[in-house]
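Q: Chains as they are written, first to last, in the numbering used here: chain A, 1 to 434; chain B, 1 to 273.
Check the hints yourself; a few may be wrong.
So these bits of chain A aren't anywhere near chain B, every CB distance computed over 10 Å [unchecked claim]:
# : residue
1 : Leu-36
2 : Leu-88
3 : Phe-146
4 : Glu-293
5 : Tyr-298
6 : Asn-310
7 : Ala-367
Derived SDA-like pairs (lysine to any residue); straight-line CA-CA distance at most 20 Å [to be verified]:
#  : chain 1 : residue 1 : chain 2 : residue 2
8  : A       : Lys-362   : A       : Glu-350
9  : A       : Lys-174   : B       : Glu-177
10 : A       : Lys-208   : A       : Arg-269
11 : B       : Lys-160   : A       : Asp-312
Keep in mind the hints are simulated off the structure, nothing from the lab. Cβ coordinates follow ideal geometry from the N, Cα and C atoms, glycine included.
In case you want the letters, here they are:
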Amino acid sequence: MDVLVIGINHKTAPVEIREKLSFTGEELERSLRRVLEHSEFTENMILSTCNRVEIYATTQEPEKGIASLKNFLADYHGISLDEFERSLYVHLGEAAIRHVFRVASSLDSMVVGEPQILGQIKEAHAIASQYRTSGIILNKLLHRAFHVAKRIRTETKIGNSAVSISYAAVELAKKIFGTLKEKAIMLLGAGEMAELAARHLVAAGVQKVVVVSRTYGRAVDLAAAFDGEAVEFNGFLERLEEIDIVISSTGAPHFILCPDDVQRVIKARKNRPMFFIDIAVPRDVDPRVNEIENVYLYDIDDLQEVVDINRDHRAREAERAEEIVEEELRTFCHWYTALEMVPTIVSLREKFEEIREKELGKYLSSAGQMTPKQRRALESLTLAIVKKILHDPITLLKHSDPDADTSEYVDAVRKLFRLEAEGGGENQGRDDGD
Amino acid sequence: MNIWFFNACVVFYALGTLKYLLFVVLLREVLAKIALLAVSTGFVLHSVAFLLRYLEAGHTPVTNLHESLSFFAWAIVGVYLAFYWRYRIKVLGPFISTLALILIIPAMALSKEILPLPPVLRSYWLPIHVIFAFLGNAIFALAFCSGILYIIQERQVKSKHIGAIYRRLPSLGVLDEINYKALTFGFPLLTVGIITGSIWAQYAWGSYWSWDPKETWSLITWFLYAALLHQRLTVGWRGKRAAIMAIIGFFAILFTFLGVNLLLKGLHAYTNW
Numbered sequence: 001m002d003v004l005v006i007g008i009n010h011k012t013a014p015v016e017i018r019e020k021l022s023f024t025g026e027e028l029e030r031s032l033r034r035v036l037e038h039s040e041f042t043e044n045m046i047l048s049t050c051n052r053v054e055i056y057a058t059t060q061e062p063e064k065g066i067a068s069l070k071n072f073l074a075d076y077h078g079i080s081l082d083e084f085e086r087s088l089y090v091h092l093g094e095a096a097i098r099h100v101f102r103v104a105s106s107l108d109s110m111v112v113g114e115p116q117i118l119g120q121i122k123e124a125h126a127i128a129s130q131y132r133t134s135g136i137i138l139n140k141l142l143h144r145a146f147h148v149a150k151r152i153r154t155e156t157k158i159g160n161s162a163v164s165i166s167y168a169a170v171e172l173a174k175k176i177f178g179t180l181k182e183k184a185i186m187l188l189g190a191g192e193m194a195e196l197a198a199r200h201l202v203a204a205g206v207q208k209v210v211v212v213s214r215t216y217g218r219a220v221d222l223a224a225a226f227d228g229e230a231v232e233f234n235g236f237l238e239r240l241e242e243i244d245i246v247i248s249s250t251g252a253p254h255f256i257l258c259p260d261d262v263q264r265v266i267k268a269r270k271n272r273p274m275f276f277i278d279i280a281v282p283r284d285v286d287p288r289v290n291e292i293e294n295v296y297l298y299d300i301d302d303l304q305e306v307v308d309i310n311r312d313h314r315a316r317e318a319e320r321a322e323e324i325v326e327e328e329l330r331t332f333c334h335w336y337t338a339l340e341m342v343p344t345i346v347s348l349r350e351k352f353e354e355i356r357e358k359e360l361g362k363y364l365s366s367a368g369q370m371t372p373k374q375r376r377a378l379e380s381l382t383l384a385i386v387k388k389i390l391h392d393p394i395t396l397l398k399h400s401d402p403d404a405d406t407s408e409y410v411d412a413v414r415k416l417f418r419l420e421a422e423g424g425g426e427n428q429g430r431d432d433g434d
Numbered sequence: 001m002n003i004w005f006f007n008a009c010v011v012f013y014a015l016g017t018l019k020y021l022l023f024v025v026l027l028r029e030v031l032a033k034i035a036l037l038a039v040s041t042g043f044v045l046h047s048v049a050f051l052l053r054y055l056e057a058g059h060t061p062v063t064n065l066h067e068s069l070s071f072f073a074w075a076i077v078g079v080y081l082a083f084y085w086r087y088r089i090k091v092l093g094p095f096i097s098t099l100a101l102i103l104i105i106p107a108m109a110l111s112k113e114i115l116p117l118p119p120v121l122r123s124y125w126l127p128i129h130v131i132f133a134f135l136g137n138a139i140f141a142l143a144f145c146s147g148i149l150y151i152i153q154e155r156q157v158k159s160k161h162i163g164a165i166y167r168r169l170p171s172l173g174v175l176d177e178i179n180y181k182a183l184t185f186g187f188p189l190l191t192v193g194i195i196t197g198s199i200w201a202q203y204a205w206g207s208y209w210s211w212d213p214k215e216t217w218s219l220i221t222w223f224l225y226a227a228l229l230h231q232r233l234t235v236g237w238r239g240k241r242a243a244i245m246a247i248i249g250f251f252a253i254l255f256t257f258l259g260v261n262l263l264l265k266g267l268h269a270y271t272n273w
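Can you make the complete structure from the sequences, with help from the hints?
A: Below, the structure is given as structure tokens:
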């Protein structure tokens, strides 16, 4: 049994192709079932997000499986395979398992370390297990992948640093104030980025939003969106005293805040700290403001620098995360090879038991009268012989080196003892493991 | 017996400090947990050592340099553990445990013999005065450590150095809050420590205040913290200024505690060190 992954993502395909191949929630049950109509698959699940479309399946016949999945994608979405085949990636076996681990841990994401993907993959798995198209192997694989993602999140700092300007501003604010609860912010001028930063700050606990704009109507609109207060541009200096964080993005051609103003405000505030986020170009706040005690000023370039540093930091943490993935991959493969052996071990035992019973029956019918005690003795003697003979081969199968090619052993055992082709594997595969 | 527990606690403090320093370098959460566990274990052993010594000596064991250093270290660790319980700031751990270790290692080298108590110290005021004074000092030790962290972190944020140090240190808001909380708890304790000392002085030496160097220096220390508290409450001395004051204040405490006895002579220099 092999794990098979086929898919496209933001790196391999533009959005025009991704949207054509995507699956929507309502039809997922039908899609999952259609995959299973191909007899070579025992389990499958579909992950469809805006950045990737992937199908995970388990199969005995990888070659055939790859072809079927490709055709399925083309047929299902009614587009020709040529259109997207170049964008597809296919992973098999160990590579497929690694891929699932990396996707769940957000190592394969557009922004490495962003946590949304974990929720999406959890949901995709929940749907597959709801419709029972995932079984023992995919269930185990996905649970392991969630564990890997969690481990990486706690053991590395991969998700800890902001990689967008507006988030970087929020993180800085937290480093300055500790908590943002009950803090007040002022939006000086209303741009898209300022609005986004304000949204993040409100989500982080900011209580009061004051919006200042040269066009008062615009300020009123925006203030309404934040449940805040609109203030005329001329009056903003008087209100500054009650403000902890200022996000400035006016189109003014010169500084609108000079050190003297801020000095006065900070004195009136009894030195309670202030954080100025100046994302306007040209700048709104005189850079000398940063020299005032308890005042911190970051302009757009400073924030961009923070973002760049954080990206580097994430890249370095990602290296550690990859090590964790490899470590977990080895553990999982170990379990997986052991699982592969199970059907062979079972049929080997069955075959020997069959022979034992048959031969014992023959003997008993020809041997004439026997006391129950003698029968029991014979029974345990034959059982002991079978057990002793099977002990070494089964131990070898169970504990074979996970890195070695185990299919050779399986083949050899099957040929030597003429075991039937893997029966019952399908049922066993569909069984909900956990 | 108390010596055995004392030595064991030093071993655990040393282990804890080592793990804390490794934590600062490697940033593995598990190291901070082990360190905390080691320091807490050390604290329990330390407490047992005190109790045993108290029972053996028949008086509160804070009457010579070994005992006072040891008690100071104990109070600092205890105050940190209480603060940790409230604020969960791991980064203070390495500083606090290092400070405790610096205090306790000389205590290890000094004579640990239990000497008969000089008559002048035989009083109920002994434990009261010493416990209040040292608890106050221990809380100011915490403010000292958080002050150092504040100065470092403030530099990082101001100069936009968003590097390893910035990531490791807590927010300025929290560090400043520790400064304030330490002040509100530590100042009353220090005040009570000085007042009880003065009452005791009346009993022992027949005068509330005799301007011996220890008294003078503790008054200087008291004024430093009083000034900080006053400025903080009235004009809002906070942040960097408050941090610098907490650092200066703690040096004054250390001088009052050690410097006066080692460098100057006075009534407090009653023991053989």
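Q: Tell me the hint numbers this structure goes against, listed in increasing order.
A: 4, 5 and 6
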